[in-house]
Amino acid sequence: MTAQELIRNFSIIAHVDHGKSTLADRLLEFTHTISDREMVEQVLDSMDLEREKGITIKARAVRMEYTASDGQTYVLNLIDTPGHVDFSSEVSRSLAACEGALLVVDAAQGIEAQTLANVALAIDHGLAIIAVINKIDLPNAMPEKVAKDITDHIGLLEDEIIFASAKEGIGVPEILEAIVRKIPPPSGDREAPLRALIFDSHYDPYKGVIAYVKVVDGRIQTGDPILMMATGVASEALEIGQFRPLMTPVGELAAGEVGYVATGLKVVRDAQVGDTITHRDRPADRPLPGYRPVKPMVFASFYPVNSDEYPELRDALERLRLNDAALVFEPESSEALGFGFRCGFLGLLHMEIIQERLEREYKLDLLATAPSVQYEVVKRDGTTVMINKPSEMPPAGEIEEIREPWARVTILTPSRYIGAIMELATERRGELVEMDYLDEDRVRLVFDVPLAELIVDFYDQLKSRSQGYASLDYQLEGYRAGDLVKLDILVHGQPVDALSLITHRDQAYYRGRELVQQLRTLIPRQLFDVPIQAAIGSRVIARETIRALRKNVLAKCYGGDVTRKRKLLEKQKEGKARMKKVGSVEIPQEAFLAVLSRGGDGTRARERVS
Amino acid sequence: MRAPLPHDAPLGLYIHIPFCARVCPYCDFNVYARQERLIPDYVEAVVREMDLLRERLGPVAVTTIYFGGGTPSLLPPESVARLVQAARERFAVAPDGEIDLEANPESAREDNLAGYRAAGVNRLSIGVQTLQARGLKVLGRAHKPHVPEQALAAARSAGFTNVNLDFIYGWPGQTLEDWERDLDTALSWQPEHLSLYALTLEAGTPMQRAVERRILTVPDDDLVAEMAELAEAKLAAAGWVHYEVSNWARRPALASRHNQIYWKNGRYIGLGAGAHAYLGNTRSSNERLPARYIELVREGRLPVVFEETIDPPTEMAETMILGLRLLEEGISAEAFATRHGRTLEEVYGQELRALAERGLLEWDGERVRVSRDRWLLVNEIAVWFVPETVTSWPAG
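Line order of the protein sequences matches chains A and B.
Using the numbering used here, read the first sequence as starting at 1 and increasing by one per residue.
Using the numbering used here, read the second sequence as starting at 1 and increasing by one per residue.
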């Protein structure tokens, strides 16, 4: 047990590639926390996928010991934050476990939108901020300009900023000294009833859910009966330990200390990030503030390409859920795609990570539908229903109002792209909230944008229209009523459920036209004319006709090669069998896929990280 | 139990000549350029293959002989005579049997045509393809537009009274007017028979690749359908019989007897490299490479490299998908029952009624045939008779 005066808990806030991992490595090396750096290079990013995407998905913690210039030996707990906005509630919990934060900014790139957002969050939590301008060794570094930005927009004093190059080891001792001097020690009451904040967790097949905690008040010992205050789940502290950097059992953790509690619970959902662990026999009066149950915001369906793999997909999702409190899913069947799952995610990156893990770790071949959001439908009878797919939409006559989720989007961009970005935001029904200049060239734009518009291709468009310079951050702003309609697609007069979508009325015409044109090229000609219509209720807003097939005949009989002729026909027959019959029209699966995955390919949310 | 094919049922004899002076860019048949030096050995190998088959089949009666290619007219008349004679010695070839030979216009000269005629060939099929210079160029044909007319005249002088002309429509750049000119000219020459083939872009051919890379553009399906309908109308007006999807005869008796064997799902022997055969309940095909074929036969082995047993459901399906191509005759319920031991009604009653209801078929209980105005959709109809294959469309 360490006296609280000798503990410093901090995290690192940085945009992707601004050098967070390298700096963490240097701190670990300098404090001799790790000796063989080749063995555990960049230990904080331990998951393969994270390494590859250059981001940190799950928070990790590590304990260092550092003897400062005052001769005292301090315990420094570095609590890593997940970098992406999808995990903003986890970021918030990680920050809540700290008393200070290192703000790392690339000397060449300057401040990015996500960094600004997280610093604001850290300041809100009352954290002491230490600014580090990294990569000053780069030829295109502009440390003075970046320092001015930091003083202007974050309000730090210029002489408090540390100039460093984690790669070259420059500035590392200064950073460690600053951590000890500027970050206040934790100040919990070690005699009060136990309150430990869960800031992360993972599932271990032998020990059950491992909760990563900061003990805020009281103490916790091995064998203590414990209670999760938000979920109400009771358990036992099977093992208590610290990250040194590997999980090392200790008998007790006291207020101010960071470590882990092995709970024996079976799913991370039972020990959620933000929940408070207390002692069952001597519970705290109330939990720590800030717990928010995870709520999926983005929805998409996964179907196995090979329908035989449905059970494997279900097992894989169940296994992922053990470790992912935010993942929700339920079985779904689509007339076009067969059996699959409707899944809910925190955001696009979360969705992408899950999809990649299913494909890579579980070797599943997946069809993913375009991401969509959850709508709130207020019915005439006063009830409200949440719907996350068009087919759940009540009949138009029963609907009083449809509400959709909105997000507040912050974009930092060189000023020459303002016009292009304004145009993008307007196309996506965005409303300008605020605009200010960070300096003569850099502008901060704040828009409110419907989430549904944001999750389809917005980020790619932003990057492409700003030649890669603009950065983006968003946070959810709640639901607003909108002029939303259900757009139905009728093939030969018959509505095709799988092709319906919910859209804003102003975009319905464009979307409808686009869809029927696309379908006209994807649905093969039939023996009769086939009208393809887009309709809102009973009103048709777009129409195309697939002209009847006039010719399907083999000219020759290949010098008696009847086998070949028969095989050609067998192939045609198989092709027909693979199509979905809607009324008397045969629609190939590709047509459904092209429509269902429309616009959903350009998510690449992985870049939108700090 | 089904009855085996009766011994007096027609038996065709196909001889494949896989040599060409050059290979046309749209062709995916088993053909080879610059291997003409193999011709003498190849002819002897075909004779040897006849010996091997004679041993295996015993004495059988052959009703037609067909020299297909490739370019059979690359054979000197003595070789054709040798092959016809060899066939006559080993099989009972009907004295009035049809003996066909495919000829290219540029190699159809009076001297060798007379030689073929003397060798017993009594039906000549000339590969005109088109009379438009642009078409000949894009189809990679060696002859000039005026050559086919000379070839036909040469055939007449050589004594051929049964001549077919092959045409291709739907070639890159072809217009409806181009096609109309070809048809009018062909009719004015008064051949006995016309084979009009819609161009098929076969995978892997130079032409298919050129179209895929958008170097060439072929007429769209609708235009090709118009071309087909134009041919149908013009020939009907001239009193011709459209007896098979791609084949018209000036009189019913002038229909190709050899090819009708295929469409009636009959038996045929296939001799030569890559030739196909259907004997008993087995379909087979030969080694494709001429040199390798010659070698195998020399070693006294039947050069068969592919064999498949046709089970009764497949056999019935083949009777349907082939017979539907016979636009006049179709499939007779009586012949079907005799051949397969089951009635059309019990095997395909449901399909026949469904297709008739959709106006695609005429079915009166005695004969099935494709509705006259639906002949261009014959595949759409034929797939109904293809046996079920496993599909992976998910239920749900």
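Don't read these hints as lab results, they were simulated from the structure.
Cβ coordinates follow ideal geometry from the N, Cα and C atoms, glycine included.
Be aware that a few hints might be false.
Chain B is nowhere near these chain A residues, computed Cβ spacing over 12 angstroms in every case [stated by the list, open to error]: (1) T31; (2) N140; (3) P143; (4) V233; (5) P283; (6) A370; (7) H492; (8) A555; (9) G560; (10) V562; (11) E574; (12) G575; (13) K576.
Chain B is nowhere near these chain A residues, computed Cβ spacing over 12 angstroms in every case [what the hints assert, rightly or not]: (14) R525; (15) A548; (16) L568; (17) L569; (18) A577.
What follows is a set of in silico ranges between Cβ atoms, one per label pair, in the way DEER data are often shown [stated by the list, open to error]: (19) B/E180 / A/R547: 19 to 27 angstroms; (20) B/D184 / A/S333: 40 to 48 angstroms; (21) B/G173 / A/D441: 21 to 29 angstroms; (22) A/Y509 / B/I215: 36 to 44 angstroms; (23) A/D308 / B/D28: 54 to 62 angstroms.
Need the list of violated hint numbers for this structure, in ascending order. 8, 9, 10, 11, 12, 13, 14, 15, 16, 17, 18, 20, 21, 23
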